Each structure stands twice: as C-alpha cells, then as structure tokens.
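Student: Protein chains in written order, with this note's numbering: chain A, 250 to 372; chain B, 4 to 163; chain C, 31 to 317.
Be aware that a few hints might be false.
Result set (DSSO-like, lysine-lysine): computed pairs, CA atoms no more than 30 Å apart in a straight line [as the list claims (entries may be wrong)]:
#1 124/C x 95/C
#2 298/C x 364/A
#3 364/A x 307/C
#4 44/C x 12/B
Because the hints were derived from the structure by calculation, they are not lab data. This one's a predicted model, so the numbers in the text were calculated from it and none came from an experiment.
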Amino acid sequence: MKILTVDDSKLIRRLVKSIADSLDCECLEAENGQEALEVLEKEAASVDLVLLDWNMPVMDGMSCLKAIKADDRFSEIPVMMVSTESQAGRMVQAVREGAASYVTKPFTREDLAQKIIEALGLA
Amino acid sequence: MSFAGDLWKASAIEAMRDVFDRLVFRDYEEVAAGWTESDASKASVVRMQLRVDPVVTLVFAIGDELARDLSAAILGMDDSEVQPEDLQDTASELLNMIGGEMKTALFEKGIEFDLGIPDMLGVWPFAAGDGESSQDVVDGQVRISGRLGEEPVELRILVA
Amino acid sequence: MSETPTLSPETFEKLREVVEAKTGIAVRPTKSYLIESRFGRVLEARSIPTFEALYDELAQALPPKDLLQDAVDAITTNETLWFRDDGPWEILRKQLIPAWVDELRAGSRSRVRIWSAACSTGQEPYSVSMMIHEHLEDDGVVDVKPEAFEIVATDISPAAVETAKSAAYDQLAASRGLPPQYLDRFFEDAENGIRVSEGVRSRVRIDEFNLQASFANLGRFDLVLCRNVLIYFSNALKLEIFEKLQRTIAPGGALVLGGSESANGAMKLFDMKRCGKHLYYVPKEKG
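Given these sequences and hints, build the entire structure.
Tutor: In structure tokens:
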C-alpha cells in the first residue's frame with residue numbers, strides 16, 4: 250500500500266513515514282499542494298491514500314483537495330485532511346469538498362495508525 | 004479594540020500543556036523565572052503571524068537540547084540522529100500545533116483569527132531579559148516563560 | 031450518616047495530591063465526579079464522616095494500608111472482561127503462539143514467559159492460558175507441553191489478587207466476554223458459580239505488585255500485557271514504566287497496551303508494529 254503525505258513540516262512528513270513503515274506501507278512525500286499534484290501525476294493510481302495538511306505555502310490543502318477531486322486521474326484516491334484546525338466548520342468544509350476523513354494535530358501515532366488502517370482496509 | 008491579554012495567555016498555556024502532554028507525555032509548567040540571554044543563545048526560534056485585527060504575532064523558542072530531545076522522541080530515534088536543521092523545523096511545527104489549539108479555544112471566546120505559516124527566525128529577536136520574573140505585559144508583549152523538566156520554553160504574544 | 035458529605039474543590043485537590051504522593055496514581059482534574067462518588071462509598075464503608083477526615087487519614091506518614099488500598103480501588107475502574115478487546119487475542123492467535131510453538135519445537139527456546147501487569151481479578155491471565163491450551167490441543171501439538179509456558183500475573187490491589195488466586199467467579203463475572211465453548215472446556219462448577227480448571231490455573235502465578243517498584247526480580251518476558259493501567263499514572267511515572275518495560279522484555283518480545291492507549295512518549299524505547307488491524311510494540315535494541 251502506498252501513502253502520500255503532504256505537509257510543509259519535515260517533522261510531520263517523517264513522522265507519517267515512520268508510522269507508515271510500522272504498518273508495512275510505502276510512503277511518498279510532498280511539501281505543498283503543488284508538489285503533491287506533481288507526485289500524483291507521476292504515480293497516478295498507485296497511491297492508495299493522501300494525507301493532506303491544510304496550511305501550506307505555494308498551494309494550501311483546500312486548493313489541493315479541490316484539484317485532486319477535479320482530476321479524473323486521481324479523484325478516486327481517498328484524502329485524509331491532517332490539520333491543527335479542529336473546528337467543526339473546517340471539517341464540514343473538507344468533507345463537502347470530498348475529503349474522506351479528518352485528523353487533528355497533535356495526533357498520537359496510534360490514532361493516525363488506526364485511521365490509516367481503516368482508510369486502507371488493512372486486515 | 005482592547006486586547007484580552009488574559010484570555011490569550013490562558014489559552015497559550017493550556018495549548019502548550021496539551022501539546023507537550025499528548026505528543027511526548029511531558030508536563031509543561033509556567034515558571035516565574037524569565038528567559039535569559041544564555042537561554043536565547045542556544046535556542047530554536049520561530050514566529051507566526053495570526054490574521055486578526057490588530058495583528059497578533061506569536062514568537063516561540065525552545066532550547067536546542069530540548070528541541071533535539073523532542074525531535075528524537077517524536078520520531079522514535081536516537082538523539083544523535085537528529086540533524087541541526089531539524090531543530091527549527093520541530094519548533095515550527097510545535098508552534099503550529101500550539102497556535103491551532105489557541106485558535107480553537109479562543110474561537111469559543113469569540114476571538115477569531117487564521118493561522119499564518121511559521122517563520123523560522125535565526126536568532127531571538129528581542130533584547131533578552133536577565134531572568135527577572137515575567138510580568139503579564141512588558142513593552143506590549145505578553146511573556147510566558149515555562150519549563151519542560153529543566154529545559155526552558157518561551158512564548159511571547161505581541162500585539163501590533 | 032444521613033446525607034452524603036460534599037467534596038469541595040479544595041479538598042478534591044488535596045485528595046488528588048495525597049493519593050498521587052502515596053501511590054503514584056495521578057487523577058486527572060476532570061474526573062472529580064468519579065472521585066466524589068467512589069470516595070463517598072469509602073466514607074460510608076469505613077464510617078468516616080467527611081472527605082476532609084478521609085484526607086487527614088490518608089495524609090498521615092503511615093496511613094492505614096487498607097484505607098489507602100480502598101482509595102486506590104476507588105480510583106481505578108474495574109472493567110473486567112474475559113478476552114477484553116480483540117487486539118491481544120488476535121496477536122496471540124495469529125502471530126505469537128504459532129511462533130513460540132515453532133521455536134519450542136526447534137529447541138531455540140525452552141520456555142515462554144508472559145506477564146499480565148495489571149491482572150485485576152484474573153480474567154486476562156486466565157484468558158491467555160486458555161488460548162494457549164486451546165492452541166496446543168486443537169492443533170494436536172504433542173511435542174510442546176503447556177508447562178513450557180509461564181504466565182506471571184500481578185496487580186496492586188490485594189482484594190483483586192485474592193479473587194484472581196481463587197480463580198472462582200460468580201455467574202455475572204463469568205458471563206462477561208466468555209464464549210460458551212471456553213466455559214465448557216476450561217471451567218468447573220464451584221460453590222457460587224464457576225472456577226477455572228486446574229490445568230489452565232496452573233500456568234498462572236499471581237502476586238501483588240506495584241508498578242512503581244523495580245522490575246529486576248521479575249525476570250524477562252516474551253510478552254507483556256500492560257492494559258488500561260498506564261492511563262492512571264502521571265507522565266513521569268508512565269515514562270519510567272516504559273523504560274523498565276523496555277529492559278524487561280526479551281529481544282523479539284512484545285508489549286501490548288489497551289485498545290485506546292498510546293505509547294507516544296516512549297518511541298525512543300519501542301518500535302510500533304501491526305498485526306492485522308492491531309498495534310503492538312517491540313523494544314528497540316539497547317546500545
């Protein structure tokens with residue numbers, strides 16, 4: 250299984266990669282929404298899950314989410330928003346734009362791991 | 004428009020407590036002894052502007068030792084594997100999370116803002132104090148001095 | 031007493047501090063309602079008139095041991111189920127027990143040691159024992175004896191340990207989570223309910239133990255179940271216990287926590303792994 254983590258924080262990208270390793274999943278990285286789209290264009294349908302931060306320079310999470318959902322090549326890939334924003338309004342907005350789920354930071358490894366297990370249908 | 008310093012300070016302390024507790028099982032506590040020049044000389048410093056009127060800026064600093072320890076603890080590796088450039092990045096993400104929790108708490112008090120993207124500052128941008136007790140507001144800054152164990156953590160809230 | 035005394039915020043704080051100081055158990059401030067109702071029962075049972083008076087008793091240099099124990103029992107919930115949660119049982123069934131059986135057969139080990147570190151009234155360690163017996167019997171394993179498995183079970187509460195040692199349960203306790211086929215196979219009738227059968231019981235050695243104490247005399251284990259107990263400890267104690275656990279678990283061994291627990295602060299000491307949908311931890315190599 251392949252995960253793409255999109256976050257301007259290297260710490261978060263490495264943390265997600267570490268969790269993905271624990272789950273025996275491969276993990277690709279991107280620093281912002283723009284890079285994420287570039288990675289998806291290269292990898293296309295081989296990515297099984299995108300973990301997307303909200304506040305990033307160049308292209309933020311919401312814009313990236315919209316772009317992903319508008320592109321037939323990868324609109325089916327589930328997107329999990331990962332953000333410090335925990336207000337209901339933000340979560341509703343994300344889901345309305347097509348996000349499959351939402352995780353708030355700070356998260357525990359176990360939290361994120363369990364959400365990934367569920368999103369990927371690991372058994 | 005008056006600046007509700009007390010509310011901001013309370014939300015910042017609660018946010019720091021929660022972030023450090025959840026991420027690494029450590030207890031943050033506010034202390035009276037202030038941030039010193041010595042502390043400032045070996046620290047990772049980051050700044051984040053919050054989009055609100057008037058503009059509020061958070062400046063956050065943690066000692067290098069602590070930054071290394073936390074980076075290793077979060078990533079599950081040995082302290083020796085942490086690179087110097089990782090320290091500021093860790094401080095950045097910590098401020099991001101602290102800001103996020105402050106945003107949620109203050110939203111409930113009727114104070115709304117958007118988070119900016121953290122800026123890594125090379126050095127502590129203010130004249131460092133000599134460790135005198137922190138008062139609530141000095142020179143227009145709310146000063147919050149704290150500790151994680153023995154290690155200093157400093158947050159300033161600046162109003163334009 | 032004709033009415034329940036009230037617990038003031040100040041007395042609550044004091045009780046919280048004294049319980050933490052004497053036992054290491056940290057009560058989160060948001061649980062005051064729990065404290066009030068449970069300590070209320072202690073007041074009643076021991077005819078102590080007020081929460082203040084209870085504090086005075088606990089705050090002595092040497093508080094009455096059974097009163098302190100009542101305080102601990104009052105704070106720690108007792109959700110005692112057989113085969114609680116799916117996680118540990120899946121990991122045992124799918125991965126650990128088969129691997130151990132292979133190693134015992136191959137002679138690369140001569141025994142397996144398991145520690146149930148907060149065994150309460152015994153359901154957890156006996157569940158492990160049942161699972162091992164079931165595996166050996168159902169798979170027709172004759173060259174590996176149940177005696178190769180040793181289960182150490184400990185708890186801080188003397189009352190719980192006493193029940194665990196008796197291995198006897200009333201109908202209500204027996205029914206919580208116990209599949210009927212286990213009931214048939216591994217239990218016998220007893221005076222007020224049922225008792226775990228001799229074979230399953232004899233795998234398990236039960237003792238009182240405080241997790242704040244040194245683990246040195248316990249030896250090393252291939253599996254430690256430390257479930258739903260670390261949540262009661264302060265951060266400092268939690269970290270200390272993770273450090274001790276890392277030294278106590280043998281290389282290749284595993285640690286399993288409760289279903290909604292986290293080892294977030296201990297990732298310098300452990301690697302997280304997955305078995306199916308469940309998570310467990312293996313100690314990092316020292317050095």
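Student: State for each hint whether it applies.
Tutor: Here is how each hint holds up against the structure:
A C-alpha spacing of about 43 Å is found between residue 124/C and residue 95/C, which places the hinted pair above 30 Å, so the restraint is violated. For the hint linking residue 298/C to residue 364/A, the alpha-carbon distance of about 23 Å falls within 30 Å, and the restraint holds. Pair hint residue 364/A plus residue 307/C holds up; C-alpha atoms about 10 Å apart against a cutoff of 30 Å. For the proposed pair residue 44/C and residue 12/B, the alpha carbon gap of about 26 Å is at most 30 Å, so the pair holds.
The structure shown violates just one earlier hint, number 1.
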